[in-house]
Amino acid sequence: MALGKEQMKLLYRNLVRADHFDKMMMNRIMQGKLIGFYHPGDGAMAAGVGASTFLGDDDILNPHHRAHGLGYAAGRGVDIGRYLAEHTGKVDGCCGGRSSFHWSFPEKKMYGASGFIGWHFCPVVGWGWASKRKGNQMVLMASGDGSYGQGGAHEAMLFAMNWKLPIVFFCENNGMAIHSTISDMHPMPDISSLAQGYGMPAVVIDGQDVFAVAETVMAARKHALAGKGPTFVEAKTLRLREHDVGTPDLARAEPREAAYLEELKKRDPVVLATSRVLAEKVLTQKQIDKIYKDAKAEVEQVEKFADDSPVAQPSIEELLAGVYVA
Amino acid sequence: MALGKEQMKLLYRNLVRADHFDKMMMNRIMQGKLIGFYHPGDGAMAAGVGASTFLGDDDILNPHHRAHGLGYAAGRGVDIGRYLAEHTGKVDGCCGGRSSFHWSFPEKKMYGASGFIGWHFCPVVGWGWASKRKGNQMVLMASGDGSYGQGGAHEAMLFAMNWKLPIVFFCENNGMAIHSTISDMHPMPDISSLAQGYGMPAVVIDGQDVFAVAETVMAARKHALAGKGPTFVEAKTLRLREHDVGTPDLARAEPREAAYLEELKKRDPVVLATSRVLAEKVLTQKQIDKIYKDAKAEVEQVEKFADDSPVAQPSIEELLAGVYVA
Amino acid sequence: MSEVRELPLVEAIKEAYRQEMERDESVFMVGQDIAGGIFPHTKGLVEQFGTDRIVDTPLAELGMYGTAFGAAMEGFRPIVDFMFAGFFLNAASPILAQTAQFRFIHGSQMSLPMVITGACGAGMRLGNEHAMLVHNMIAQVPGIKVCMPSTPYDAKGMMIAAIRDDNPVAFIWHLGTMMDRGPVPEEPYVVPLGVADVKREGSDVTLVANGFQYKNAGIVADRLAGEISVEIIDPRSFSPLDIDTILKSLEKTGRLVVVDESWESRSTASEIAAQVVDRGFDLLDAPIRRVTIPNMPLPGGHMEPYVAPNPDAIEAAVRDVCR
Amino acid sequence: MSEVRELPLVEAIKEAYRQEMERDESVFMVGQDIAGGIFPHTKGLVEQFGTDRIVDTPLAELGMYGTAFGAAMEGFRPIVDFMFAGFFLNAASPILAQTAQFRFIHGSQMSLPMVITGACGAGMRLGNEHAMLVHNMIAQVPGIKVCMPSTPYDAKGMMIAAIRDDNPVAFIWHLGTMMDRGPVPEEPYVVPLGVADVKREGSDVTLVANGFQYKNAGIVADRLAGEISVEIIDPRSFSPLDIDTILKSLEKTGRLVVVDESWESRSTASEIAAQVVDRGFDLLDAPIRRVTIPNMPLPGGHMEPYVAPNPDAIEAAVRDVCR
Ligand SMILES: Cc1ncc(C[n+]2csc(CCOP(=O)(O)OP(=O)(O)O)c2C)c(N)n1
Ligand SMILES: Cc1ncc(C[n+]2csc(CCOP(=O)(O)OP(=O)(O)O)c2C)c(N)n1
Ligand SMILES: [Mg+2]
Ligand SMILES: [Mg+2]
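Residue numbers (our numbering), protein chains in the order written: chain A, 1 to 326; chain B, 327 to 652; chain C, 653 to 975; chain D, 976 to 1298.
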């Protein structure tokens, strides 16, 4: 499925935006202007943007935890102001400021998040089942290589293949899970080898190439919507920084080597995408400059919105009233 | 690994014994002389006998739930009197009469049972880990096709392959899980396809052939003890009767067809083994008659032992003292 | 009043399923071997509703539960059947962590209308795993309603209430009540969740019990009739717990015994005692006694009858507080 | 008496690991990223003990827990670290069903010497999942001991006790106490499990609290000094629960407040109240108040400080029972 120029432009713009959002979050956490933690997506924002930008409005989108899903949020057109307000405990947060990082935009069919890595392998079965019953929607299920250790991943893949559910298992394989390296945690070179056990089609792609990701996911989506069942898409990516900002960056118990990290930096997806859009004359340098300017302006506006929003401190009674539907 | 004559004799004897034990349990449950339920192994006792008869004393053996593990118990040389006494709530039961079907012989390294199908995929990792540390023992992990639906199966196979643990995943695939048929529950023809996801060697064999089972498992055991890691052995077998005695025998919501069940009966493992030991002159008809006579006598003795044993009704205080190690 | 049909409790539950599935296309059931049926409560439903709405899954509780959990977000109203209620533990993480908090933590924007069900109870002599009443495990965590019926009438009305509720509801039922017969109106009706029921009036002591233990409570009240006047309250729901009805009864009796077929530790019996001593301290004329499974896994074999709560143990506790 | 070193609580725990692993070859640790270390309690251990005994696993709690569960049957003494205690829910089935009943149901022939551990507690503002204290979920089920230390001294002694115990022991620790410093003897020692500690004597009211809440209790006792004399009891263990020490204190005070950083429903606070009203009815001069998280998932953001138990809420409860 070759991309048109307008599609490439949109992907490029979303990638730049996502990259700006990620840097905004890194800056804020270091400045103490974010609640809790932040797991930086630096150098790995292409996968989420590519996977999410061309989904249908009815498709269900489960973002990866890394970069707190910002690549997917950018691709989906989520209101980043309300996203940030949630991460700062403000009344305009998308969950009223009570969720910290558990952001959710049900109207965008991004139902929510959890601190339990791999939790989504449970509801994805029902999302897929419901999508099949409805007939005109599918599920993009994003998560990391680490999450495929969970037993729930097996049950989800089993059910998906057994019932031919319209699900794309989209794995951002950055080769790491906190301090663990994938080679220590998985016996095969590719995570997607797991798909073989169910006869599920699997593709391995360069997750740094936002265009390749979009093409592959859209093909898998078509396959799903045609009633042909799930696909496993493994996007090879990388982790430039520590697992969460401020903690040590180790491989097992040793610091990761600076030279190795320098190598990784060469695969920066924004740099790759920029050369391509320039080479293929999709965008001019001037247009690119404008995209950067807009992204910067959007970040400023997002931060102002979140910072201006009052701290959310509802009463115990108000909170209790939110536990159950009356 | 070709079997010697003495090995074949032993397998044959254990098969006949196991078959007698299974019939004893079926009779007793129908007569109301057994507590709870019984899941008959009728027509499918070869797999357990074949898999367990030649294990080493230090090997850990987790029996399949079907026939309440009697094929494995017979192969392992477990005291069937204490086994039955447990199933009848007697003081001489292997667990003091309090477990019903949760029998256990720790001294035989058969650690216990659970009513949660697939529970064993959790401890098997530790059994395998400990066996690897000790170096001279392995784990025979038996269960049914249904149990491989559990997420724990994935985690166990992942850990086993990742750490090259000495485990044989022995699956008795009878094509059924209560009323569910495997073709409805698993997208591939073989359960052992799952092993491919981890690069784990897998073998599919005729589970009705007690000799083939023993040969295959012993080869997999050797592989495990050589430090080469786990093997998946799928023994194709069948279920002649209802899931548990007294309940309807359905495939989904329809009764299973009589003609189909008649077909299955032709694959009776005792009949198959008898022709072979006669044809290969491993045993004479006279010797076979003796084996049958002995098995019958053993059943009588086992039943007498269990029936003579007093009902176990310890006091609440005695029971409470058994919850924790003092 | 026209005469009312009698039905066994398990058929009352099935009638609730049937009527709600007829009324509302979005209701469906998911479980293991429910098309064929393990207990009679699902038998025959597949013929009427087909495999799109009576959904059998592989032997995998996370995937099975997930079918319901995810579908509920997409506008369906699933009923997920764990066969034996204790098997819910295989999906404890999505239930106790994710389902329970999903609405609240995400800003109370979404609802998860779903019923989590399973059979349980001492009586099969198979021990802890099959007998476990899991109500206390679930009721410990806010975000899921929890209930268990004692009579066929309540069974139908509470199941309909559970299906129509926009919250996740865990509805467990006791195998020891499965074949109990009682009047059940044919038309659909609702027994509200969170409301206890004074099932028998009395003046000397308040006896709280439900499920199979409700029958044991009745045996004890009969035994003591003429001697001690026992008021029996069926809490029906464990969460929310209707403590007001119990406090009101205590205004009359001043004495309380709570029966709970569960371990004593952190049980509904304990919770009721704690709430009563907090809010009704002045009403109490005697210690509150709890009749529960002592703190041990329920053994199987011949031990169930005297280890699980039973009429003798209940009678002793009632006599004790009435001394 | 010689001067005793001060250590942060987390280092006290690490010292217990280290000394027990030096003493006994069969002790090992298993968890996720424990070689690198998430909290300081495992940092550096892999250098001394190697990857055979500091075992990192894939991101898979069933397999991770299974490594410990199975190894315990084979004569090892595993410590399994869930990182955040709430993640235990991913292995709730083998823990709450299998581990808890394993010994008993199989005729008390085997033992499962293992420690289940994880960090928890409000303070990170991430909400329920990361903050959850899981002690009440585990203590509900008989067969596993459960405890949480309040001081570095107790942390070391209780961890050593847990490792040496032949039963499964869940040892949780509160992130809000991680860096608290206190005297910790260098040599190994044991603080017995199941024994509460009167950490501060008083005569007007008994205040039960532990972990981070023990500190809040101290703040309140200081605030009230001269006005209300507060006796602070640290239960240390939740299961078994040392109710005798609390009853003894009540003989003096007649008033009880229990702080429990957990939902109110079926909490340790409820269980203590129930046991006290059962066994110590005549000792009570006032209602028993529980200070807990109200029955809602703990929200994150800026709501933690007033939703979780805090000095103001504790003070109000104490004043209330002392009116
Ligand atoms: C159930 C559970 N176990 C462990 C953790 C701790 N944890 C948080 S992120 C993470 C690694 C996730 O790895 P991966 O899925 O590859 O995503 P990545 O962080 O590499 O993008 C772990 C182990 C958790 N949050 N939840
Ligand atoms: C966790 C759990 N889920 C469901 C059941 C109910 N159940 C008992 S046996 C069984 C089928 C097992 O199938 P399989 O593993 O193939 O063994 P088989 O009975 O065919 O020999 C089921 C679903 C159970 N006991 N435990
Ligand atoms: Mg990763
Ligand atoms: Mg089977």
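Hint data in this document are derived by calculation from the structure and do not stem from the laboratory.
For glycine and all other residues, C-beta sits at the position ideal for the given N, C-alpha and C.
Among these hints, one or two may not hold up.
Claimed, not checked - Keeping only pairs whose Cα atoms sit at most 20 Å apart, straight-line, the calculated EDC-like set for lysine to aspartate or glutamate is:
hint, chain 1, residue 1, chain 2, residue 2
1, A, LYS134, C, ASP964
2, B, LYS554, D, ASP1027
3, B, LYS622, B, ASP368
4, A, LYS281, A, GLU6
Unchecked claim - A short list of chain B residues far from chain C (calculated; beta carbon distances all over 10 Å):
hint, residue
5, ILE361
6, ASP368
7, ILE531
8, LYS554
9, ARG567
10, LYS592
Violated hints, by number in ascending order, as checked against the structure: 1, 5
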